[in-house]
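> Residue numbers (this note's numbering), protein chains in the order written: chain X, 1 to 346; chain V, 1 to 346; chain S, 1 to 346; chain Z, 1 to 346.
Do not rely on the hints blindly, as some may be mistaken.
Pairs count within a copy or across copies, as identical chains cannot be separated in the list.
What the hints assert, rightly or not - Computed list of lysine to aspartate or glutamate pairs in EDC-like fashion (alpha-carbon distance at most 20 Å, straight line): (1) Lys218 to Asp297; (2) Lys245 to Glu78; (3) Lys245 to Glu287; (4) Lys18 to Glu38; (5) Lys218 to Glu84; (6) Lys54 to Glu223; (7) Lys39 to Glu50; (8) Lys5 to Asp121; (9) Lys218 to Glu341; (10) Lys150 to Glu50; (11) Lys150 to Asp184; (12) Lys150 to Asp100; (13) Lys5 to Glu133; (14) Lys245 to Glu38; (15) Lys218 to Glu322; (16) Lys18 to Asp100.
Hints listed in this document are in silico derivations from the structure and should not be mistaken for laboratory results.
Protein chains: 4
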Amino acid sequence: MKIEKDRVEILSGVRFGKTLGSPVAFMLRNLDWENWREKMARGGEGAGVEPLGKARPGHADLPGALKYGHRDVRNVIERASARETAARVMAGAAAKRLLDALGVTVTGHVVSIGPFGVSRDLEGNPEAAGRAESSVLRMADPDAEARCVKWIDQMKEAGSTAGGVVEVIATGLPPGLGSFVSWDRRLDGRVGLALMSINAIKGVEIGDGISLAGLPGKETLDEIFPGPSGGNLLLGNHSLPFHRKTNRAGGLEGGMTNGEPLVARAAMKPIPTQSEPLQTVTLGSWELASAHKERSDICAVPAAAVVAEAMTAIVLADAFLEKFGGDAIGDIICNYLRYLERICAR
Amino acid sequence: MKIEKDRVEILSGVRFGKTLGSPVAFMLRNLDWENWREKMARGGEGAGVEPLGKARPGHADLPGALKYGHRDVRNVIERASARETAARVMAGAAAKRLLDALGVTVTGHVVSIGPFGVSRDLEGNPEAAGRAESSVLRMADPDAEARCVKWIDQMKEAGSTAGGVVEVIATGLPPGLGSFVSWDRRLDGRVGLALMSINAIKGVEIGDGISLAGLPGKETLDEIFPGPSGGNLLLGNHSLPFHRKTNRAGGLEGGMTNGEPLVARAAMKPIPTQSEPLQTVTLGSWELASAHKERSDICAVPAAAVVAEAMTAIVLADAFLEKFGGDAIGDIICNYLRYLERICAR
Amino acid sequence: MKIEKDRVEILSGVRFGKTLGSPVAFMLRNLDWENWREKMARGGEGAGVEPLGKARPGHADLPGALKYGHRDVRNVIERASARETAARVMAGAAAKRLLDALGVTVTGHVVSIGPFGVSRDLEGNPEAAGRAESSVLRMADPDAEARCVKWIDQMKEAGSTAGGVVEVIATGLPPGLGSFVSWDRRLDGRVGLALMSINAIKGVEIGDGISLAGLPGKETLDEIFPGPSGGNLLLGNHSLPFHRKTNRAGGLEGGMTNGEPLVARAAMKPIPTQSEPLQTVTLGSWELASAHKERSDICAVPAAAVVAEAMTAIVLADAFLEKFGGDAIGDIICNYLRYLERICAR
Amino acid sequence: MKIEKDRVEILSGVRFGKTLGSPVAFMLRNLDWENWREKMARGGEGAGVEPLGKARPGHADLPGALKYGHRDVRNVIERASARETAARVMAGAAAKRLLDALGVTVTGHVVSIGPFGVSRDLEGNPEAAGRAESSVLRMADPDAEARCVKWIDQMKEAGSTAGGVVEVIATGLPPGLGSFVSWDRRLDGRVGLALMSINAIKGVEIGDGISLAGLPGKETLDEIFPGPSGGNLLLGNHSLPFHRKTNRAGGLEGGMTNGEPLVARAAMKPIPTQSEPLQTVTLGSWELASAHKERSDICAVPAAAVVAEAMTAIVLADAFLEKFGGDAIGDIICNYLRYLERICAR
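Build out the structure end to end from the sequences listed, making use of the hints.
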């Protein structure tokens, strides 16, 4: 939420509002910088700065300090902080501008916080996701949202924190992004990498996801029918010569987009910082200690929806450039439209 | 299962049973090759070979044919088949030999098929996973396995198919593999990519996974205590100066291994081929058709456990080489032992 | 030369003479394999195989054995042999088929062997390069070739070997392959990597190359004039609205193709094996020894021309796919033609 | 030269003078920025800014504008300017700090400008290269330097420009960096990429380079002798159990360092800007025009020596990390020393 006070500066790569092909550098100043001027100084010897040796469970502190040989977990905390995802949101914003021009919309929303989730019909639903953007918790279902606000308050009171699940939906995607020919070109894997790499995400699903594993095969399929789908228009109002009535696969078959909206979900564990002291050890002495408590939010799930949206946009923009090449936006659009003409021909 | 009849030939890169540093080429001959000699011939014009235009739902057929401009879905079917994962198992076998030498064991087992799962205490349990290897369905729980066999039979009778969930556990891992410093170096993301890229996998979880999202923060943490853990010995019998009593995080914190076993799960949707004809369309004419039915297994979940084990081994072997360098196995072991001395020092 | 007796088998990725999008596996059997059956066996313990410890100067033997901890330089010799470049020629053949379809021709020829070179006007000359293909030493100048044959004979008699310089010319290239925006996307660098990575190559030049460094600036430029060039037709007979009268830059400006033919040269040192014994040391004992002499060619420069042609074709095919995307050859051609329409518009 | 007035700010990744493992961001402000504020503004529509359509020969202007669809070559000029190499020098400075700790020194010097070069014995000579740093033209030979100064003056008077050749020497390198096992891991190729990607470089050589192609084989070898070399001490005063009396190979055999100093040369064409107007065309109208003349240096060869040094340092630092892994400098040093113990054992 605090991110909204931040202002991004573009340092390079843009002229008269358009990218030039050269690298775009964004800068987001740490507004809290003054408070860290001494403790995190670039220069000097750090004289007088007491190393922080208590590793917080659930954070990067302990493995990070061991890996890099640090005695002060502050060397890990700053970069490992979810603050790093602000950079992904900046890159995602650029990716979204490209996708806009290709008729693609990517939207992240919150589908549950703690044990409370939105009505099932609001999942995998692009309109609902769009509506969610303006709500407090980025949720499309006001009743569920009210329950979630309560849960967050309860957690706050108990000195605890709340997790939840976010969903990203992308519409306007043609069939054929990604590929089945090599495992690392599969779009499901690349979405898996992008979402699972977000801080605190512990699970990722595409479409109906894990629940598909428990069903008989015939209840998990998306049959194909002739004729265009009502809703799914592609760039230039192209429509595919076939449609589906379900989207259990979440828009991916064989590691490729299949013409249906891409639907991916990511589950975030609660922020590990707790009011009640947690047992841990101190680096070096390895004695029992109480975990250092940084000031912390109670629930970062709405922010995670924004980050998940950004990461998905980056993956999709990559997949478009891979398939349609083009160094100039005009070329990309032309190449893409020609492909749509080919595959939409009847 | 049929894989067991296959024999892998090593064509290069190995001498007197040891890799040489140069590329290792494996060859697995398609035993069914004779039957495809004409239809899938390398040369000729394909005269007399009728294109197969009916795209099977749930497979790569439709997006694959559109993407590459094929009129015959056989051009897609062969490579998109799960048969491709045999190559991953070969590479994984090499990765496992390296991990063996570093004291790491990676084991995949089946935790559920259809709606039936193993007893909860057999999840995240390395011993159970090891035991599972010799069972029919690669499950550690005979009662659950019996129920799953029944479910598969039921599905078979109904002309349907069965999905399930597999779990991979890796033990003997030191803290500090992977990194928090860049999103694409996070081990959770890399495991996400590796598992989500397996055919038919629609969801991936680390540790307690998605269920963590619904709990109060304090029930999701793995506190840290002084003193070595009883079980988790590293190479050369090194033990860490700390331990945990839980492993909800599945061995990863901040995108790095944390000294606990890595636990990852992947959910496989049922095989999309069904006895009952499925609605689809024919490429080009875009008329309604019944999906072409290839002979098919009912349940590929035990095979997926083997593939997931292989993919995880590849990711971990990469992470070791990244951290410890070394061109010769002796060098890698020495570098790794020195690291253990540093981080296990009390 | 011996390569001509080899037959390549295509194991996968091709059907009815066309690639499928999936990986293409080539296999080239080592015809000499029987002779190495015991000494280079995959299995067994190597009992009775005496390690070869004498490292040949000028080869990978010594650094390779130290790097990988080998006691037997045979573990290095086989893979480090120029025989490895046969695989590059196979991949290059596939790249050349793609380039053919895009109207691009890539030809390697020999411009000098030992101190004798072709007439200066035959350098950077695509027709001459084409003619060279059928000559004994792949040279376009029969007089120079005769002198080179003599030089090779002289070297042979003296128990020595001969080096030389090869040149690759690619015609039909549009402006704008490669990029100036990041150093690793520059085409001159990528050609530098591709050619310098060929065994025994010790120098690479683009266009007039090193000689440009010694001239006054004004003698090194390729001025630009309005109107199409006579010779340089692009796919579909497109011609650029400008031309040059010189090509000192070898077709690259700012790390990109500029519409002129790409001209690159690579200098090969003589094969290091000599009749006269060379001083060296034995691994492990580090005592003085005479270098082990493998049977060897006298001059590999014509073969290097073939390899350089292949490597350049691979780089150019990559650059085309990067710029024009397209999964199907029809798409690539359409995207490319559209680009030509844009840039050739007057 | 103007670079010396620049001041680099480190924005992230460094604390108390040490890198943290996280990305290091450098910022170098463009001191000339005020003058471009309007013409190169990030925002606005560029109203009143006349597009510059005249493409300068020898620059990225023409292919860059066609590639990206620009009508104003300023969109290309800024990023394609050699000014971009300042970023490489910053990254190279970090790489050099790492190499320092590993006992490796990398030095770039100028060996010729125009037709005048340093005395032959000052090439491939680390001491000479070190001495050159303090001279005006970064040359170790005052007589040659005087002639070069004169050449530059002559070129200036003639409204022309001067090119030249730079050489980079790296000492303290162990055998075994890089590898012969795959073409893209060969260090000669990677040096080729790194140097050829520097603006205006048209040729690269390793060791005696192109001249080796013209000699009989026996005059091109570096025989190997028992016993340590006098000069070439590695980290911790380790010395190899063998030495050479020559270094014609420039320290690389089989794509790997061989224990001798790495010697690479890069030839820079003269800066293409000339006083006398050059013929060119205007984008879009394609009419004859005189090339736009930016203010320009006469000779950038000494600056190129600095850039070549930086790029070589980056390649070598990469090769060290690849071979020795290690996330902490202490680990890297330990792993490296152990390797030296192994290969220096007698």
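> For the identical chains here, do Lys54 and Glu223 meet the 20 Å Cα criterion within one copy, between copies, both, or neither?
Between copies only: 12 Å across, 55 Å inside.
> Given identical chains, is Lys150 near Asp184, meaning Cα to Cα at most 20 Å, within a copy, between copies, both, or neither?
For Lys150 and Asp184, the Cα distance exceeds 20 Å both inside one copy (42 Å) and across copies (36 Å).
> Since the copies are identical, ignore which copy is meant and state whether Lys5 and Asp121 lie within 20 Å (CA to CA) inside a copy, between copies, both or neither.
Result: close neither inside a copy nor across copies, 34 Å intra and 47 Å inter.
> Using 20 Å as the alpha carbon limit, work out where Lys245 and Glu287 are close: within a copy, between copies, both or neither.
between (60 Å within a copy, 16 Å between copies)
> Tell me, please, which holds for Lys218 and Asp297 at an alpha-carbon limit of 20 Å: within, between, both or neither?
between (44 Å within a copy, 14 Å between copies)
> Is the C-alpha distance from Lys150 to Asp100 at most 20 Å within one copy, between copies, in both cases, or in neither?
Result: close neither inside a copy nor across copies, 36 Å intra and 50 Å inter.
> 20 Å Cα cut-off: does Lys245 pair with Glu78 within a copy, between copies, both or neither?
This pair counts as neither: shortest intra-copy Cα distance 47 Å, inter-copy 27 Å.
> Is it within, between, both, or neither for Lys218 and Glu322, if the alpha carbons may be no more than 20 Å apart?
Cα proximity of Lys218 and Glu322: none, with 34 Å in one copy and 40 Å across.
> Should Lys18 paired with Asp100 be assigned to within, between, both, or neither, using CA atoms and 20 Å as the limit?
within (14 Å within a copy, 36 Å between copies)
> Between copies, within a copy, both or neither: which fits Lys39 and Glu50 at Cα up to 20 Å?
within (9 Å within a copy, 49 Å between copies)
> At 20 Å max between alpha carbons, let me know whether Lys5 reaches Glu133 within a copy, between copies, both or neither.
within (17 Å within a copy, 48 Å between copies)
> Reference check for the pair Lys245 and Glu38, CA-CA at most 20 Å: within, between, both, or neither?
neither (60 Å within a copy, 37 Å between copies)
The structure fails to meet hints 2, 5, 8, 9, 10, 11, 12, 14, 15 from the earlier list, while all remaining hints are met.
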